[in-house]
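Engineer: As they're listed, the protein sequences go chains A and B. Position in the first sequence (from 1) plus 1 gives the number in our numbering. Position in the second sequence (from 1) plus 4 gives the number in our numbering.
Among the hints, erroneous ones may be present.
Here are some, though not all, of the chain A residues that point toward chain B, as calculated from beta-carbon distances under 10 Å [claimed, not checked]:
{"no.": "1", "residue": "Arg-99"}
{"no.": "2", "residue": "Ala-103"}
{"no.": "3", "residue": "Arg-104"}
{"no.": "4", "residue": "Lys-114"}
{"no.": "5", "residue": "Asp-119"}
{"no.": "6", "residue": "Ala-127"}
{"no.": "7", "residue": "Ile-137"}
{"no.": "8", "residue": "Ser-173"}
{"no.": "9", "residue": "Tyr-176"}
{"no.": "10", "residue": "Ala-187"}
{"no.": "11", "residue": "Glu-211"}
{"no.": "12", "residue": "Glu-214"}
{"no.": "13", "residue": "Ala-270"}
Ranges between beta-carbon positions, derived for each pair [claimed, not checked]:
{"no.": "14", "chain 1": "B", "residue 1": "Leu-96", "chain 2": "A", "residue 2": "Asp-260", "range": "28 to 38 Å"}
{"no.": "15", "chain 1": "A", "residue 1": "Asp-17", "chain 2": "B", "residue 2": "Leu-96", "range": "37 to 47 Å"}
{"no.": "16", "chain 1": "B", "residue 1": "Val-129", "chain 2": "A", "residue 2": "Trp-134", "range": "56 to 66 Å"}
Hints listed in this document are in silico derivations from the structure and should not be mistaken for laboratory results. Even glycine gets a Cβ: it sits at the ideal position worked out from N, Cα and C.
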Amino acid sequence: MFGKLVPVPSGSMIPDRDIDKKPILECINLGITFGGLKAVEDFNLTIGRTEIAGLIGPNGAGKTTVFNLLTKVYQPTTGTILLGGKDTHSMNTMQVNRAGIARTFQNIRLFQKLSVEDNVKVGMDANMKYNMWSGIFRLPGYWHEEKTAHERAMELLSLFNMTDLADVTAGSLPYGAQRRLEIVRALATNPSLLLLDEPAAGMNPSETAELMENIRKIRDTFQIAVLLIEHDMNLVMNICEGICVLNFGRVIAKGSPEDIQSNPAVIEAYLGKKKEA
Amino acid sequence: MTFLNFLISGISLGSIYAIIALGYTMVYGIAKMLNFAHGDVIMVGAYICFYAVSRFDLPPLAGVILAMLVCTVLGMVVERLAYKPLRQAPSLAVLITAIGVSYFLQNMALLLWSSNPKVFPGFFVSASGDTGVELFGGELKISYVTLFTILICIVIMLALTWFTGRTKMGKAMRACSEDKGAAQLMGINVDATISMTFAIGSGLAAIAGVLLCSAYPTLVPTTGSMPGIKAFTAAVFGGIGSIPGAFLGGLLLGIIEIFAKAYISTQLSDAVVFAVLIIVLLVKPAGLLGKQIREKV
């Protein structure tokens with residue numbers, strides 16, 4: 002499953018199986034300043050079509066800020082984001098999602114009062130084509146689209162063994178199921194790049210193992226790219242092909258898991274400088 | 005039998021409050037703002053219907069539909085021009101803007117239609133000229149306006165429950181009311197959803213305006229303000245942000261008001277209504293069906 006990382010002209014590396022395809026994401030000199038504080042600076046990253054990539058770094062390094070830049074929650078101060086080769090500069094959050102980036106959240110942000118199925122259907126909103134009038138007067142278009150949406154929602158839920166929870170209120174799900182539902186909801190928007198913000202946070206080792214399987218399954222089933230932020234090094238080193246390490250808003254290392262593990266700058270960022278003997 | 009008579013007029017008045025309260029509660033649920041101009045949209049709707057029917061001789065139904073169209077557009081325009089630029093502003097600024105819009109609409113009506121009271125035509129008359137049905141040998145008289153008001157309220161309630169529960173727009177509305185940021189990240193068009201909420205609320209306000217003026221036929225530019233405030237009270241009473249709460253609050257408020265008028269004092273009826281509101285809010289601060297919001301710390 003692991004692709005060998007090969008360099009691309011932009012200076013980054015992507016798995017060799019994706020080399021003939023246009024990368025799904027290219028960040029070029031991305032940066033954002035909050036009132037003089039450079040939260041992220043000169044961020045360059047290329048992600049292949051079907052790559053599982055990791056974004057790691059100590060707390061406060063700017064990882065979630067990168068996600069917020071990619072999804073246009075923040076407008077970048079400098080730099081360019083190319084999504085499938087298309088500049089997202091003029092897009093807002095909603096348009097970026099419709100163009101193919103979906104995400105989950107560090108703190109779960111499900112629609113708590115909606116049922117599990119409705120949460121998934123909210124993700125499908127943009128792909129359901131009927132107008133208000135067919136909705137009010139229940140015209141054939143409404144029934145057809147709702148039926149398709151129901152089937153698709155059930156199909157997605159079945160991937161994560163959640164079909165029997167379809168009618169449960171999202172807020173009352175156990176923690177692990179809420180995390181899974183967030184991923185299903187993101188997948189429902191039909192993304193080509195899935196951003197996972199600390200998907201394993203609060204999970205026990207067996208749940209984490211299941212999550213790893215699921216992330217691989219998502220990539221293989223939907224043939225999409227995944228970029229994840231994670232503190233669980235076991236997970237990152239096991240499933241990520243390319244890893245990007247961020248510290249104080251700057252990229253300090255990029256490469257395969259082996260490269261990262263032996264990189265002195267990374268070790269220093271995590272453990273501190275070695276005392277000179 | 006008089007008790008039953010009062011109860012029915014209470015339900016009828018309450019139905020009108022409920023329809024108006026829906027506009028408040030839906031807008032609050034989604035945009036988290038109090039649209040105090042909502043009452044004046046009712047007045048505009050009533051005027052449009054009045055002119056369409058009395059001056060241009062349109063059939064009543066066409067007048068109502070025209071009023072709904074005008075109010076729907078008015079609601080969307082007000083949202084676009086007055087509230088959308090303030091999406092990120094503190095809620096106090098939005099509140100004051102809403103009061104400003106309310107005065108603007110009242111004064112515009114004054115300018116366009118003068119302060120002379122208009123007598124709203126009675127639509128609800130049968131072919132033989134009856135205005136209602138008599139039961140129990142004339143002891144219980146129910147006017148057609150009353151019947152229609154209650155009926156329309158029920159239809160609206162069912163339709164709206166369906167709409168918010170079963171259609172993608174309704175789900176988008178509920179998603180936005182919980183977390184606009186997350187909704188946007190899931191590809192929901194939040195601006196369009198807010199605009200649609202205003203459109204639905206204002207369209208319903210037009211219906212409420214026609215029903216209100218059919219029951220109380222004097223139409224002046226300030227016609228909407230008092231029912232607007234009462235309906236806002238009803239929305240808070242039922243739990244603002246909750247659609248069933250708006251219906252329950254509206255109905256109860258109407259019934260309490262009529263009973264207070266009948267059995268306590270006509271002058272004190274409003275005082276009684278608001279006293280009940282205060283008591284309910286002391287016991288249940290989030291309203292009858294409202295949920296306590298846990299503040300994040």
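Engineer: Each of the hints needs a verdict: does it hold here or not?
Structural biologist: Here is how each hint holds up against the structure:
Among the interface hints, the one on Arg-99(A) holds; its C-beta lies about 5 Å from the nearest C-beta in chain B, closer than the 10 Å criterion. For Ala-103(A), the interface hint holds, the least distance from its beta-carbon to any beta-carbon of chain B being 7 Å, beneath 10 Å. This hint holds: Arg-104(A) has a C-beta 6 Å from the nearest C-beta of chain B, less than the 10 Å allowed. Taken as an interface hint, Lys-114(A) checks out: its beta carbon lies about 6 Å from the nearest beta carbon of chain B, inside 10 Å.
Taking 10 Å as the C-beta cut-off, the interface hint given for Asp-119(A) holds, the closest approach to chain B being about 5 Å. Taken as an interface hint, Ala-127(A) checks out: its beta carbon lies about 4 Å from the nearest beta carbon of chain B, inside 10 Å. Hint status for Ile-137(A) relative to chain B: holds, with the closest Cβ pair at about 6 Å, below 10 Å. Because the beta carbon of Ser-173(A) sits about 14 Å from the nearest beta carbon in chain B, more than 10 Å, this interface hint is broken.
The criterion of a C-beta within 10 Å of any C-beta in chain B is not met by Tyr-176(A), whose closest approach is roughly 17 Å, and the hint is violated. Given hint, Ala-187(A) at the interface with chain B, holds; its Cβ is 8 Å from that chain's nearest Cβ, closer than 10 Å. This hint is violated: Glu-211(A) has a C-beta 24 Å from the nearest C-beta of chain B, more than the 10 Å allowed. The beta carbon of Glu-214(A) comes no nearer than 25 Å to any beta carbon in chain B, farther than 10 Å, and the hint placing it at the interface is violated.
Proximity of Ala-270(A) to chain B is violated relative to the hint, the smallest CB-CB distance being about 29 Å (cut-off 10 Å). Range check, Leu-96(B) to Asp-260(A): about 54 Å between beta-carbon atoms, so the 28 to 38 Å window is missed. In this structure the supplied range 37 to 47 Å is violated for Asp-17(A) paired with Leu-96(B), their Cβ-Cβ distance being about 59 Å. Taking the beta carbon of each, Val-129(B) and Trp-134(A) are about 32 Å apart, not inside 56 to 66 Å as hinted.
Hints 8, 9, 11, 12, 13, 14, 15 and 16 from the earlier list are contradicted by this structure; the remaining hints agree with it.
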